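Build the full structure now, drawing on both the sequences and the hints.
The lines below spell out each chain.
Number of protein chains: 2
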Amino acid sequence: MEKEEIIQTGLALIESLKVAYLTTVDKDGLPQTRAVFNLKCKDMFPSLTPLFREQHNNFILYFTTSTFSEKIVQIKGNKRVCIYFCRPEEIHGLMLSGEIEIVNDSRLKKALWQNGWEKFYPDGPGDPAYTILRFNSGKVKGWYKGQPFAANISEFDGKSA
Amino acid sequence: MEKEEIIQTGLALIESLKVAYLTTVDKDGLPQTRAVFNLKCKDMFPSLTPLFREQHNNFILYFTTSTFSEKIVQIKGNKRVCIYFCRPEEIHGLMLSGEIEIVNDSRLKKALWQNGWEKFYPDGPGDPAYTILRFNSGKVKGWYKGQPFAANISEFDGKSA
Numbered sequence: 015m016e017k018e019e020i021i022q023t024g025l026a027l028i029e030s031l032k033v034a035y036l037t038t039v040d041k042d043g044l045p046q047t048r049a050v051f052n053l054k055c056k057d058m059f060p061s062l063t064p065l066f067r068e069q070h071n072n073f074i075l076y077f078t079t080s081t082f083s084e085k086i087v088q089i090k091g092n093k094r095v096c097i098y099f100c101r102p103e104e105i106h107g108l109m110l111s112g113e114i115e116i117v118n119d120s121r122l123k124k125a126l127w128q129n130g131w132e133k134f135y136p137d138g139p140g141d142p143a144y145t146i147l148r149f150n151s152g153k154v155k156g157w158y159k160g161q162p163f164a165a166n167i168s169e170f171d172g173k174s175a
Numbered sequence: 015m016e017k018e019e020i021i022q023t024g025l026a027l028i029e030s031l032k033v034a035y036l037t038t039v040d041k042d043g044l045p046q047t048r049a050v051f052n053l054k055c056k057d058m059f060p061s062l063t064p065l066f067r068e069q070h071n072n073f074i075l076y077f078t079t080s081t082f083s084e085k086i087v088q089i090k091g092n093k094r095v096c097i098y099f100c101r102p103e104e105i106h107g108l109m110l111s112g113e114i115e116i117v118n119d120s121r122l123k124k125a126l127w128q129n130g131w132e133k134f135y136p137d138g139p140g141d142p143a144y145t146i147l148r149f150n151s152g153k154v155k156g157w158y159k160g161q162p163f164a165a166n167i168s169e170f171d172g173k174s175a
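So the protein sequences, as listed, match chains A and B.
Residue numbers 15 to 175, in the working numbering, belong to the letters of the first sequence in order.
Residue numbers 15 to 175, in the working numbering, belong to the letters of the second sequence in order.
Since the hints were made in silico from the structure, they are not lab data.
Note that the coordinates shown come from a computational prediction; the quantities given were computed from them, not determined experimentally.
Hints should not be assumed to be uniformly reliable.
Repeated chains share a single entry, so a pair holds when one copy, or any two copies, can fit it.
[As the list claims (entries may be wrong)] With a cut-off of at most 30 Å between alpha-carbon atoms, the simulated DSS-like pairs for lysine-lysine come out as follows:
1) Lys17 / Lys133
2) Lys32 / Lys123
3) Lys90 / Lys41
4) Lys56 / Lys41
5) Lys159 / Lys124
6) Lys153 / Lys90
7) Lys155 / Lys133
8) Lys41 / Lys153
9) Lys159 / Lys90
10) Lys159 / Lys32
11) Lys56 / Lys159
12) Lys123 / Lys17
13) Lys124 / Lys17
14) Lys159 / Lys41
15) Lys155 / Lys90
16) Lys41 / Lys155
17) Lys17 / Lys41
18) Lys93 / Lys124
Printed below as a string of structure tokens:
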């Protein structure tokens, strides 16, 4: 695939899936994977679509998690992670690897906040347990239509349609 | 959940899913995830069910891959991996972490061989590109019915029904 097709196919996959698989590495060097809600899923989080459309680099991903989760301990020890998106029935997979950071930006916390999250964070967007993670990928690779693909997307400056 | 329920629920999840997510760690310390066919899936690989039923420890997992794949390079450098199974629509996830090894056992290669794999390995079970990976997990954790669970299963000696 050409790079532009890799980017557009990848963005379309991301926007269609409810979960991503986030892998951190623990202090013993063991990778640890878990499903996390994909805030870029248009069906699941339609109110966030305008926010993400304004970003130039659409391979920047945000996730929410508990401040007191194991993954936060692991990220504080090692920022290198993998984010994987997959539609198994089509053997369509997209792997993004790079560094993830903990974001303390109260405006962003409010912008991402969804009704119903009070059950996880009773004090709302200001709840100390509510943490935002920001991931910026430099490299993508995966499988699509029976073929592997790979691209360096760090200089990508496009916008989604 | 009690340990026995964790084990039985985990085995049932594994036997129902066509793919697992295998994460290796590359030489730069970056985790790398990709979907791999789950040989324990009863629907997809029914001919293998008797083979796996004979195993005492059913959290031993086998995967096939190309000898010349990136994951083999990564495993030769670092055996520590994560295997993740997930049914996102039920928020049911199972993470197994431990070491994976490359198995050179021609009888096992023949026992796992499936019709149609000639398209990947033209010379059949003896094809030098055909490699078996064996994973033995000591720890499982995940989410089921809205709750996290974790168990040490290294001493598990049960059999699936």
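Here is what the structure says about each hint:
1. Lys17 / Lys133: Between copies, since 27 Å is at most 30 Å while 41 Å is not.
2. Lys32 / Lys123: within (20 Å within a copy, 37 Å between copies)
3. Lys90 / Lys41: both (10 Å within a copy, 20 Å between copies)
4. Lys56 / Lys41: neither (35 Å within a copy, 35 Å between copies)
5. Lys159 / Lys124: between (39 Å within a copy, 28 Å between copies)
6. Lys153 / Lys90: both (22 Å within a copy, 23 Å between copies)
7. Lys155 / Lys133: between (36 Å within a copy, 23 Å between copies)
8. Lys41 / Lys153: both (24 Å within a copy, 15 Å between copies)
9. Lys159 / Lys90: This pair counts as between: shortest inter-copy Cα distance 29 Å, intra-copy 37 Å.
10. Lys159 / Lys32: Classified as both: same-chain Cα gap 21 Å, cross-chain 17 Å, threshold 30 Å.
11. Lys56 / Lys159: Both: 23 Å inside a copy, 25 Å across copies.
12. Lys123 / Lys17: neither (33 Å within a copy, 37 Å between copies)
13. Lys124 / Lys17: Close neither inside one copy (34 Å) nor across copies (40 Å); limit 30 Å.
14. Lys159 / Lys41: So Lys159 and Lys41 pass the 30 Å test across copies only (28 Å; inside, 37 Å).
15. Lys155 / Lys90: Both. Shortest intra-copy (26 Å) and inter-copy (21 Å) distances satisfy the 30 Å Cα cut-off.
16. Lys41 / Lys155: both (26 Å within a copy, 17 Å between copies)
17. Lys17 / Lys41: This pair counts as between: shortest inter-copy Cα distance 25 Å, intra-copy 35 Å.
18. Lys93 / Lys124: For Lys93 and Lys124, only the intra-copy Cα distance (24 Å) is at most 30 Å; the inter-copy one is 42 Å.
Checked against the numbered hints given earlier, the structure breaks hints 4, 12, 13 and satisfies all the rest.
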